[in-house]
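S.K.: Protein sequences appear in the order of chains A and B. If you number the first sequence the way our numbering does, the last residue is 111 and the count never jumps. If you number the second sequence the way our numbering does, the last residue is 234 and the count never jumps.
One thing to keep in mind: the hints can contain errors.
[To be verified] Here chain A is said to cover these stretches of chain B; the calculated rule only asks that three of the stretch's residues, wherever they fall, bring their Cβ under 8 Å from a Cβ of chain A:
1) 140-147
2) 152-161
3) 165-176
[What the hints assert, rightly or not] Label pairs and their calculated CB-CB ranges:
4) B/A193 / A/K26: 28 to 38 Å
5) B/G162 / A/N38: 23 to 33 Å
6) B/P119 / A/P8: 29 to 39 Å
7) B/S129 / A/Q14: 48 to 58 Å
8) A/Q14 / B/P119: 31 to 41 Å
9) B/D167 / A/E17: 36 to 46 Å
10) A/S28 / B/I165: 22 to 32 Å
11) A/E55 / B/P194: 40 to 50 Å
12) B/M138 / A/S68: 30 to 40 Å
13) B/G114 / A/E15: 26 to 36 Å
14) A/V44 / B/M152: 13 to 23 Å
Note that these hints are calculated values from the structure, not bench results. Ideal Cβ positions, reconstructed from N, Cα and C, are used throughout, including at glycine.
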Amino acid sequence: SQQGEEDPQALSIQEGENATMNCSYKTSINNLQWYRQNSGRGLVHLILIRSNEREKHSGRLRVTLDTSKKSSSLLITASRAADTASYFCATGNTGGFKTIFGAGTRLFVKA
Amino acid sequence: NAGVTQTPKFQVLKTGQSMTLQCAQDMNHEYMSWYRQDPGMGLRLIHYSVGAGITDQGEVPNGYNVSRSTTEDFPLRLLSAAPSQTSVYFCASSYSPWPGQGLGESLFPDTQYFGPGTRLTVL
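Chain B with its partners taken away, still in its complex shape (with noise of 0.2 Å):
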């Protein structure tokens, strides 16, 4: 299994141009999240997805854009760049969203399969 892939590694971009950040998963995940990471601090969840056709935002979803089509793939699109988006962006996956699968407790969050990253520089 190839885990959590995702394209580009590095990125930059003009203010005020569009793109679409890749994430793709072989390990049939349901739950599908994308996170940015800023200098010195933690993740933040941007837009998360519990199966295919099924998105939600996250703390910071702002000037991005998801789709579910297939339970694969969880693209994160920017609409128009802004130095603000200048970030580290991280996919991750996990196998078990719905409360209550498996032995009769809940399994949500289980544990997450994170991609290695993009780096998107916006001036």
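With the rest of the complex left out, here is chain A (with noise of 0.2 Å):
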């Protein structure tokens, strides 16, 4: 089973509007982090959160982490049409070696 969900599923916006998108998990974690994938490529890593941070930011990339809710959210402000892609928070357990992955939230930015 996967660890991760992300939320919504697909998600399709006017270039310049931020987009928002969520992830949640089950189990403890050491870190949680965000990737993106384009179409017919490989998963390019975003950021990493560690388990006892609260918020990142990495140029246009904000994330959250609530531990306590067990959830995660990627904001990507003032988005344009080359941030089309789909996107995947992965997880790292406690204790274990196994990164799990989300299915996904696909971005559409309408230029």
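Please assemble the complex out of the two chains, which come individually in their own frames, going by the hints.
M.R.: In structure tokens form, the structure reads like this:
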């Protein structure tokens, strides 16, 4: 079974708008990562947030983590057509060596 | 650095055939893993390795074998291909598999670097 579950499954917005994606997970984690996948390509790491962090920024990306609710969100501000991709959260369980991915959110940014 | 490389990019097999998907990295990463991605789904972990000579099963290991004789290479073997193994296969590597490395806090699992994938079709 998959650890992370993203919400929504698909999101369509206009260029310039903000996009928010959510990820929920089930067990205790060491850290949570967000990845982007362009169509037909491999995954590219965006940002990692550790279990003792609550918020992290990287350029137009903002990630929050709420370990009490076992959830995380990825906010992309001022979206661009080039942000069109699938976004996945991945979690590393405490004491384990497995990184488990969710099913992803498909983001479509209209120019 | 070439990063993580995978060969072949595309492969078509007949049911019952065997083959090996190659994966190599030149970043001196200890941790390597294999995932499969089916349409509309996330990645599912097949096998992983925390260092040369050490491998373990992931979520969906049946029908696949791995070995890790060197730090650089982590091949995935399909023993007897089945149509259910039609998928895109991704190899990934990561720097720090061991908790406690670096500044006294666990870094694992660290950022994973992915290869471009192998599209496999089993007829």
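S.K.: So, for every hint listed, does it hold in this structure?
M.R.: Against the structure, the hints come out as follows:
With 3 residues carrying a beta carbon less than 8 Å from a beta carbon of chain A, the segment 140-147 of chain B meets the three-residue requirement, and the given coverage holds. With 7 residues having a Cβ less than 8 Å from any Cβ of chain A, the segment 152-161 of chain B passes the three-residue criterion, so the hint holds. Only residues whose beta carbon comes within less than 8 Å of a beta carbon in chain A count, and the segment 165-176 of chain B has 3; three or more means the coverage holds. The hinted range of 28 to 38 Å is satisfied by B/A193 and A/K26, whose Cβ atoms lie roughly 30 Å apart.
Checking the proposed 23 to 33 Å range against B/G162 and A/N38 shows it holds: the Cβ atoms sit about 31 Å from each other. Between B/P119 and A/P8 the beta carbons are some 35 Å apart, a value that agrees with the proposed interval 29 to 39 Å. In this structure the hint that B/S129 and A/Q14 lie 48 to 58 Å apart at CB holds, the actual value being about 49 Å. The given range of 31 to 41 Å is respected by A/Q14 and B/P119, whose C-beta atoms sit roughly 40 Å from each other.
A C-beta distance of roughly 43 Å is found between B/D167 and A/E17, which places it inside the suggested range of 36 to 46 Å. Distance hint for A/S28 and B/I165: a CB-CB separation of about 24 Å, consistent with the stated range 22 to 32 Å. For the pair A/E55 and B/P194, the supplied restraint of 40 to 50 Å holds, since their beta-carbon distance comes to about 45 Å. Hint check: B/M138 to A/S68, Cβ distance near 36 Å, so the stated range 30 to 40 Å holds.
At about 31 Å, the CB distance of B/G114 to A/E15 agrees with the hint of 26 to 36 Å. At roughly 18 Å, the beta-carbon separation of A/V44 and B/M152 lies within the given 13 to 23 Å, and the hint holds.
Consistency with the previously given hints is maintained throughout, with no hint failing.
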